[in-house]
Every structure is written in C-alpha cells, then in structure tokens.
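**Student:** Sequence:
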Amino acid sequence: MHVPDSFKNSYARFPLYPCNLVDTGYYHSTLETYREQLEDDTGGLFIGDSQVAHIDLPVWDAVLPGQITPATPPVQPGAPDVLDKWHICDDTGLKDFLSDESTLTAASPVYTGEVATRPDPKCRYIFPYPRHARAPLSMTRTMLGRLFSYYQIMPIYLDFLTTFGQGSRQRDLRYSGFRGRTRLSLPPRQDTVALDLGRSGRHIQMCYNLKSVACITPPKTTAKKDMQWSRRPVALYHHFDVVEGNALWVITSGGRYFRDRLEDTVGLPGRAEDRDYSTLEAAFRSTFVVHALAAHWAKEGWPAYIQWLEDVVEESTCDAIYGARGELIEKKYTPDNIQSVQYYEDRTNEATMILESNRDVLAALSKYYEDLLADTDFPLRQSCRDNIVDFARQLQDAVHDTHMQASRARLVVRIAADRKALVQSHLTSQATAFQHQASQKMEFMTSIAQRDAIMMRIITFITLVYLPATFVSTFFSTDVVKYQDQNDFGRSFYTSSYSKLALERWLQITLPLTTVTLTAAWWFFSREKKRLMLPS
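Sequential numbering of the sequence shown, starting at 13, is according to the numbering used here.
Rather than coming from a laboratory, the hints here were simulated on the basis of the structure. Do not rely on the hints blindly, as some may be mistaken.
[Unchecked claim] Derived SDA-like pairs: lysine to any residue, alpha-carbon spacing no greater than 25 Å straight-line:
hint : residue 1 : residue 2
1    : LYS311    : ARG405
2    : LYS20     : GLY105
3    : LYS311    : ASN399
4    : LYS311    : ARG420
5    : LYS20     : THR204
[Claimed, not checked] Cβ pair distances, simulated, as ranges:
hint : residue 1 : residue 2 : range
6    : THR154    : GLY37     : 18 to 28 Å
7    : ILE333    : MET365    : 21 to 31 Å
8    : PHE536    : LEU513    : 26 to 36 Å
Owing to the predicted nature of the structure, the values given are computational and were not obtained by experimental measurement. Each residue gets a CB set at the ideal place from its N, CA and C atoms; glycine is no exception.
Based on the provided sequences and hints, a complete structural model is requested.
**Tutor:** Shown next as structure tokens:
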C-alpha cells in the first residue's frame, strides 16, 4: 500500500506529537508548547505506568458489506455489519489495529515495513474516555501520540482534551470553544494525499466541546438543598474527506453517558439513514446526526438545574421576603445565611457562563457549515445544500433554547443578589437591635453602678465620721485611762458616775481627729479624681 513519505516520517516520529504533524498551520513554538504539556502531564491526563491494566480504548467501525476490517475479533462476534466494536488494551494492540507492520531494529534506527496496510473505514468512532470528567484518560501518552499521528489530528483538540484529568479541580472544565479547518482547494497538498488509505487531501475538520449537567442524587430521597449536580463535558473532533467520504470521530466524555446515546443513534436502534455511507452525499449527511446529538447534549439537564437553583434560592431566602416583620420577626439570621445565598449565586453565575459558551459553540458550528455553502471548492455545495440548511436551522433552535436558559440563569443571579442584600439588611438590623438591647442593659448596669457608688460613698463618709470616735471610745475604755475608781476586779465602786473631764478629753481628741480624717480623705479622693481625668 502506497503512502507518501511525509506521512511515514510523521508517523515514525509519533512520540513527538504534535510537532511531527505534516499540516498543522501552527508555529513550531506553539507545537512545542503542546508537546511539553503532554510530556509533563501535571494534570494527570494519562494513566500511569502502575495502572496499565486499566487501559481501555473503545473503537467503533461502521462497516459496509464487503469492506475489509481489522483481523482482531470484535467485541460482539457475529453482530450485524452496523457497528464493529473493539477494545484496545495496550500500545501493541493499537499498532496492530492501525495495520502498522513497521518495525524498528537495534541495527537500524529507521522503520522498515508498511506503516499502513488497510484503508480507513467509512466511519470510525474513537473514544479516549476517562471514568469521569476529572479522572485520567484510559490510555497512555504513547498511545495518544501514535493514534493522533496516524490520523493527523489537529493539535488544538488537545486544549479540549486536557480539561479532563484535573483531579479535584473543575475550573478548567469551564473552558469551551470551537475550531475548524477547511482544506478543499484544488489541487490538494501532495504531502497530505494518501489515496490508498482513503485520504484525498481535501477535507474538513473541526473540534469543539460542550457541557451538560445531571443530578447525581435521587431527587425523591434527598432534601432539595442537598441535591448534588455534576457537569458532564464532551469534546469532539471530526474529520470528513469530501472526496472519499470517510469520516473520523474522536469523542471524549466522562463515563459512558454520551457513548451510550451515540450507540442508540448510529447503532441498530437508530434510523437506517443515520448510518448510510453508500454514497458521498449520504456519508456527509450521516455526520449531522452526531453533531445534532451533541447539540441536544448541550441543552440536556440545564432546565432542571436552573429550576433547582431557583428553588433553593427561594427556599433559602423566603423568610426574608414573606416572614414576619418588625418586632414579630422570629428567624435569627446568621452569616451562614449569606454564605448559602452566595454559594447559589456563584453556581448560577457559573451555569450562565457555561450556557453562553454552549450557545457560542453551537452558533460557530452552524456558521462553519453555512460557510461551506459559499465555498466554490466544496463538492457537495449543491447536492447537500438543503441538508446543510436544515441542519443549520436545528442548530439555531438549539442556540435559541440555550440562550433562553442563560437568560433564566441571569435572572436567578439578579434574584439571588437582591435576596442576599435583603438578608444582609436583616442581619444588620438584627445586629443593630442586639446592640440596642446591649446598650439598654449597659445603661441599666451603669445606673446600678452609679447608685452603688453613691451608697458606697455614703457608707465611706459615715465610716470616716465614726471611725475616730469609735477609736477614741475604744481607747478610753481600756486600762490606759481611768476616770472612775475601780477595784481589782475591774468593777467600779459606783454603779454609775458622770465625768465631765472624761467628756472634755474625749471631745478634745475625737473632733480634731475626725477633722483630720475627713480632710485627708477629701484630699485623697480629689487627687485620684484629677489623675483619672488627666490624659494618659
């Protein structure tokens, strides 16, 4: 089988993907950045060496009767020639599946043998999938380089592919976009022509990603606010040869959700016209069904998710709107209430951004196919005009539906922001009322303290007045001073006696001592009061 040397050299250097591609349209520095990103693999995009047992690369071939298929037995032996399913479990199996019979010996650094011995099937689906959106792809870096080099997949698809395998980080899942390339001019670049493989060098190719959302908890067994939702991105690469009619799809999505939908569409349960590859026009029309499925995927789940956001925002803030007012209010607001509303507002903002991204991607996909109708080098411009117009209308309907959901989400954002401000005002009023109550308590405590202080001063004054007299009286009652005759037992010979001299002495000592005590106390309190009033 004859293939151009440019393809052989490119495929032989598959470990350097995407720097080895024949026709990229990118500067070498950009390709080198992509290659370094794949080599570093800091995001955990690929399966590690210790997990090779988990390698699984599903491939589906839509085979026409009589077409040669790979020698490896399919997953479903004896199945009708609608979809042959394959599971590739290592790089050697992938090499055999691609009909690569080349070898590299130690004596010769150049590959010998045919790098391709079978033509491309009419339609092939390849699923480098992770178990979920944040798990690594079920393939190795070597397998990706070999596969993408064999099919010369445009490097921009790596931007969509590397959003997977991000562990617990989901911020990169917000990235969305559409990229398309058209190679329809005559004559085609000879280094891209491999007629024996079914590659004419004239083709269209594109890649894009879309996101849906799904509830991952049973809605009837969980409180509404505790329901968990998961974003489900899907990244698609599509290549269609407009001369040979061969189509290639590389589809990456977490789990089997999108793959199962696709099987129901292009497999036996689907319509026969959706898997008709008998003519060039029929093969081209059959590609629309995958795009339409992706467009439906981009709309799915969002109405229920937006409704859930509306409900939880309403549930979290209904007391602030419809609850009792004034002194009748019973709900006690806390900062947790504001955090809850802020969380839902952030989720809604994120949903708005994703919906707008989906809308832009679908609009770009529609415009890409509409532009083909204006390209005079497009051989199906006349024969498939009606099909392209109908498909563009379907996409415009999806764009309109997505725009409506984005408008709903923006309304929820405004409602959440207004409700958050209202809850915050309630929290502020609640804090003000608490401060007022605390102020009243402080005033009451201050009045009590003032009253106690007055009482203490009165008690202190009385104590200061009576203290000298008490001291003098106590002193005069001792044996130090005697004004009446007493026997040895301390009893007076007279049961009662008045001593003028004793009273005079008592007054002479008590009154000056009391005056001195009060004066000293007044001086001390005045000095302390001045000290407290002076600035420190």
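**Student:** For each hint, tell me whether it holds in the structure or not.
**Tutor:** How the hints compare with the structure:
At most 25 Å may separate the alpha-carbon atoms for a hinted pair to count; LYS311 and ARG405 meet this at roughly 16 Å. At roughly 19 Å between alpha-carbon atoms, LYS20 and GLY105 fall within 25 Å of each other, so this suggested pair holds. Our distance criterion of 25 Å between C-alpha atoms is met by LYS311 and ASN399, whose separation comes to about 22 Å. With a C-alpha separation of about 13 Å, the suggested pair LYS311 and ARG420 falls inside the 25 Å cut-off, and the hint holds.
With a CA separation close to 11 Å, the supplied pair LYS20 and THR204 stays within the 25 Å bound. The given range of 18 to 28 Å is respected by THR154 and GLY37, whose C-beta atoms sit roughly 25 Å from each other. Checked against the given bound of 21 to 31 Å, the beta carbons of ILE333 and MET365, roughly 27 Å apart, stay inside it. Restraint check, PHE536 to LEU513: a C-beta distance of roughly 35 Å satisfies the suggested window 26 to 36 Å.
Checked against the numbered hints above, the structure breaks none of them.
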